[in-house]
Amino acid sequence: MEPNPYIPKLAKIIQIKEEVRGARPVKTFRTQFLSENGFSFRCGQCAMLSIFGRGESMISISSSPLVEDYLQFSILKMGRVTSSLHDLQEGDIIGVRGPYGNGFPIEKWKGKNLIFIGGGIGIAPMWSVLHTALGKKEDYGKISLIYGARTSNDIVFKEELEELRKKIEVHLSIDVEEPEWKEFVGFVPINVLEKKPSPENAIAVTCGPPIMIKYVIQNLEALGFKDEQIFTTVENKMKCGIGKCGRCNIGLHYVCQDGPVYSWAELKNLPQEY
Amino acid sequence: MQKILRKKSFPQWVKKLESYKIYAPAKNGDVWNYEAVNHSEDIDLDYLNSVLSPKKIIFPQREIFLEFSTSNDGNPEINEVLPEENPSVIFGVRPCDAKALTLTDSVFGGDFDDLYYWRRRDQAILVGLACHNPPSPNCFCLSVNGSPHSKEGLDILMTDLGDRYYVESLTEKGNKLLNLGNKFFEEPKAKDKKDLEKINLASEKKIKRRIKEIKKIPPQLKEMFDSPFWDEEAMSCIRCGICTYLCPTCHCFDISDEVLSSSPIEGKRVRTWDTCQFPDFTMHSSGHNPRPDKASRLRQRILHKFQYFVERYKNYQCTGCGRCISKCPVGIDIIEVLDKVRDYGT
Amino acid sequence: MVNLEDLKKEAKRILEEGKIKYIIGYERSPNGMMSMPAFIKNPEDAERLTWDPSCVYNLTRFLVDEKRRKAKEKKPDTRPVAIVVKGCDSRAVVVLLQEKFINREDVYILGVSCEGAGVVDEKKLTEKLKGKKADKIEFSEKDHFLITSDGEKIKIPAQEILAERCLECRANFPVIYDEVLGEKVERRPEDPFKSIERIESLSKEERWAFWKEQLDKCIRCYACRSVCPMCYCDECVVDTISFAVAADTTAEEKAQKIKWIERSPDSSENFVYHLVRAIHLAGRCIDCGECERACPLDIPVRLLNKKLEKEAKELFDYEVGFDPEKPSLASSFKDDDPEDFIR
Ligand SMILES: Cc1cc2nc3c(=O)[nH]c(=O)nc-3n(C[C@H](O)[C@H](O)[C@H](O)COP(=O)(O)OP(=O)(O)OC[C@H]3O[C@@H](n4cnc5c(N)ncnc54)[C@H](O)[C@@H]3O)c2cc1C
Ligand code: SF4
Ligand code: SF4
Ligand code: SF4
Ligand code: FES
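Chains as they are written, first to last, in our numbering: chain A, 1 to 274; chain B, 1 to 346; chain C, 1 to 343.
The set of hints was computed from the structure by calculation and includes no laboratory data.
You may find that some hints are simply not true.
Residues on chain A that point at chain C, a partial pick, calculated with CB under 8 Å [unchecked claim]:
hint, residue
1, Lys77
2, Met78
3, Gly79
4, Thr82
5, Ser83
So the derived label-pair ranges between C-beta atoms look like this [to be verified]:
hint, chain 1, residue 1, chain 2, residue 2, range
6, C, Lys70, A, Pro209, 19 to 29 Å
7, A, Pro209, C, Asp77, 24 to 34 Å
8, B, Lys216, A, Glu160, 47 to 57 Å
9, A, Gly224, C, Lys74, 30 to 40 Å
10, B, Glu186, C, Trp260, 58 to 68 Å
11, C, Glu235, B, Asn75, 31 to 41 Å
12, B, Lys216, C, Pro30, 18 to 28 Å
13, A, Gly224, B, Asn75, 53 to 63 Å
14, C, Asp77, A, Glu163, 50 to 60 Å
15, A, Ile14, C, Thr78, 52 to 62 Å
16, C, Thr249, B, Asn75, 29 to 39 Å
17, C, Trp260, A, Pro209, 30 to 40 Å
Note that beta-carbon positions come from the ideal geometry of N, C-alpha and C, so glycine has one too.
From just these sequences and the hints, can you work out the full model?
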């Protein structure tokens, strides 16, 4: 019989890492399916995570498809389901269904310079593609990351970012001054103008809050990036993940199937409802 | 396969179909709806437009997806719940409502098959009744590639010829149903065919409402996305769910967990109808809402039906049943809206 | 008799003066039988306004929208909006004023008289005309409506096609207004609570059976709530999320929002919905009957409100929506209030 797309597979949480504490906490979870047949995915795809009795949430897979032992999710505590996820312990069981969405067209980016521009929890969907590219570094040109958060406390993947500096250019920023902070202070789009990535043979990927994405794209255009060189993700509210419930619909697209990854050239042609 | 069935034989034929679950239009107060019937005599095929289309049988307002509970080791356990195998016959399906199911088919099929939908859909035999008189003053099927005697999506089409029905089987499933009542059917004569043609022609003439030059509408809608027109049109909208819940083509839904016991956890995951007309439909957890006002939500309904769906599935997502017009509490009329759209700026 | 030209003239005048943002009134529908809400901004559009027995809507619902819209405007236009109200509708304005949801200076009230009759029930009229369409519905001499259908003029006694609520109306003339058109024609109902007599006479079991059958039909489109001018809460118990989410609403607050009711349209949830709705309108419902008119499934939801209206009258001698200066039922206390309901 055909698989029932609404039934999640059970998965065990094998590791929980507290990334950010405080008012906007983020935790990173690693999960393993209980049964053999889990799923394979492309970077940029998402999965529906279930806490039975609380509901489901769509979350980007933040690990690279090159990693086969586990799936990784980095989750900002937002409401009903994400709060329950934050209450879990290692060893607990959740439901996972997916993978959903189109993913990044990373095969087409071979030989190009990659610039990742993220804000807040927006680093999660980029983390997968960033690490996939790093895993095959020889296939790509220069890779760099411009990432910002409200405060230094809100920076996700702090330790990993320090490790990352050894391999690629990393520019961090925070929104308002802090005594110990040595890097850029200001919003991410401004930092983009500051760092002036070159559009020459480059692809820019940007994920974060809708308002940040809007200004990052404006500034990338100002720097000479063409619409086809800019990629982003659209995070409309989702329930089914498979193009049926209608919730994520914009124009003729169901973002859960036809997105969430779009080039600015594609996104420009859709109604601005995200 | 084309046959003639005397009206008095109709209940006898239905009696032969006892292995099926039978649905037919039934009246409750002033309101018609499709309900399960137990006695063939109870079927009254002289009915007006039902408030809800037979969509509610194939895609019920509430569907249990799975049950969850807690196992002895404290971990969650889940149980898939699929609809029962239950072959059914739906009598008195209007041609517009049958066509509507072909539209929801394209949504519930595709890359991921919705097993709940298909389990019911595949087991339902649709017996249509051509509309002699338009069941609603707001019928406009002729404008959206339909007609009061359209066969699209039906297994059998019956036409009332006065003392008898002209019965045409259109699929294997339909043939099977006719064969079960073999002895009640007669071969149609030349006069029957002539009567049928006459009635079909007459019934088309009785449909008063039209969307003129509908082909101009999808491209025009595309141009009008940012128009202040939507603010004006939506002023009187009260953001209820009538137009979409009653629409035979609307398919939007919510998924939520219904908890029966919180410790140990036990409950059901269910799908329930939802609609783009409710403000929480698209609202993010942060409070950000991509469709923040009535104007953007009315626009979504109209554009989804007459632009987006056309672009994606090559069909209008409207079969002209007129329900959204008749039942809108403030008189928003999709034909008038589209008329204004077509003529906007000219 | 209300002279329609006077209404149009007055509307034109106030719009020309520029002191009014827009007028919420009625206009003829190009296709339907009943009039529709109209929003008139330009003086030349005042021509579109109408007032006749097909103007069933309680337009005060749109004062709620207006307040919401204004709250979102960066530079709000603070001029009042004008609104056409019947007697019953004017009582809704009174409640909104009493509850301080709106301020008196934010509305300019254009009252119209129901001419001792009332408005038409679309279903009753359709039945009367045997499915034919009425092209025009007018007030005629007292207690009659003049219907034009297929070029033919028919006089129908008002009693036969009046909306149910009009049969029990105690204010067929506006109780509050800045300008009023038409004269007051006294018409007191014999029994303002006649509609609930039958249900009150049933046994508990029969009542349960009646409501179960009715409420099982509900599809939870929430039209009965959405059409109601008193259902203006930002946070309604039936919504899955609160619309009052702000940037500083914490994850905990969202996570802990109690789910009072499931979306499933089954008996238990439908009962909860309808009882909550009715209770939240006790002492506030002015019986415009819009909830029942809006219901696509013909559920007699008005009867629930009506019963509570009667309780308020009998227990507290309280009648809703007559005096904006008086405190609302729920915010008033008298030493001689009966306490039976607590026991
Ligand atoms: C493609 C995509 C990728 C994403 N990736 C990530 C990621 O990698 N990391 C991340 O942190 N976030 C990500 N998000 C965002 C994440 O999905 C949301 O933050 C999350 O779903 C919020 O869910 P919640 O239950 O915690 O919030 P809530 O606001 O509590 O609830 C969300 C929904 O649950 C239902 N619900 C809640 N309360 C009730 C109630 N009382 N009654 C009935 N129903 C209720 C409602 O439908 C509500 O709208 C992503 C989103 C998308 C679309
Ligand atoms: S949009 Fe209206 S007329 Fe068209 S199918 Fe839906 S309910 Fe019927
Ligand atoms: S009109 Fe709205 S409710 Fe209907 S299918 Fe389209 S998005 Fe869904
Ligand atoms: S209007 Fe009728 S169907 Fe809709 S929620 Fe109210 S009672 Fe239910
Ligand atoms: S989440 Fe249901 S259609 Fe995209």
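The hints, checked one at a time:
Proximity of Lys77 (chain A) to chain C holds as hinted, the smallest CB-CB distance being about 4 Å (cut-off 8 Å). Below 8 Å, beta-carbon pairs count as interface contacts, and Met78 (chain A) has one with chain C at about 5 Å; its hint therefore holds. The closest approach between the C-beta of Gly79 (chain A) and any C-beta of chain C is roughly 4 Å, which is under the 8 Å cut-off, so the hint is satisfied. Because the smallest distance between the Cβ of Thr82 (chain A) and any Cβ of chain C comes to about 7 Å, under 8 Å, the interface hint for this residue holds.
A cut of 8 Å between beta carbons decides the hint on Ser83 (chain A): the least distance to chain C is about 4 Å, and the hint holds. In this structure the supplied range 19 to 29 Å holds for Lys70 (chain C) paired with Pro209 (chain A), their Cβ-Cβ distance being about 27 Å. Evaluation of the 24 to 34 Å hint for Pro209 (chain A) and Asp77 (chain C) yields a pass: the beta carbon distance comes to about 31 Å. Between Lys216 (chain B) and Glu160 (chain A) the beta carbons are some 56 Å apart, a value that agrees with the proposed interval 47 to 57 Å.
Checked against the hint of 30 to 40 Å, the C-beta distance between Gly224 (chain A) and Lys74 (chain C) comes to roughly 34 Å, which is consistent with it. In this structure the hint that Glu186 (chain B) and Trp260 (chain C) lie 58 to 68 Å apart at CB holds, the actual value being about 59 Å. Here the CB-CB span from Glu235 (chain C) to Asn75 (chain B) is close to 35 Å, well matched to the stated 31 to 41 Å. For Lys216 (chain B) paired with Pro30 (chain C), a C-beta distance near 20 Å keeps the hint of 18 to 28 Å intact.
Taking the beta carbon of each, Gly224 (chain A) and Asn75 (chain B) are about 54 Å apart, inside 53 to 63 Å as hinted. Under the hint 50 to 60 Å, the C-beta atoms of Asp77 (chain C) and Glu163 (chain A), about 56 Å apart, fit the expected range. For the pair Ile14 (chain A) and Thr78 (chain C), the supplied restraint of 52 to 62 Å holds, since their beta-carbon distance comes to about 60 Å. Distance hint check: the CB atoms of Thr249 (chain C) and Asn75 (chain B) are about 33 Å apart, consistent with the given range 29 to 39 Å.
Range check, Trp260 (chain C) to Pro209 (chain A): Cβ separation about 31 Å, and the 30 to 40 Å hint holds.
Checked against the numbered hints given earlier, the structure satisfies every one of them.
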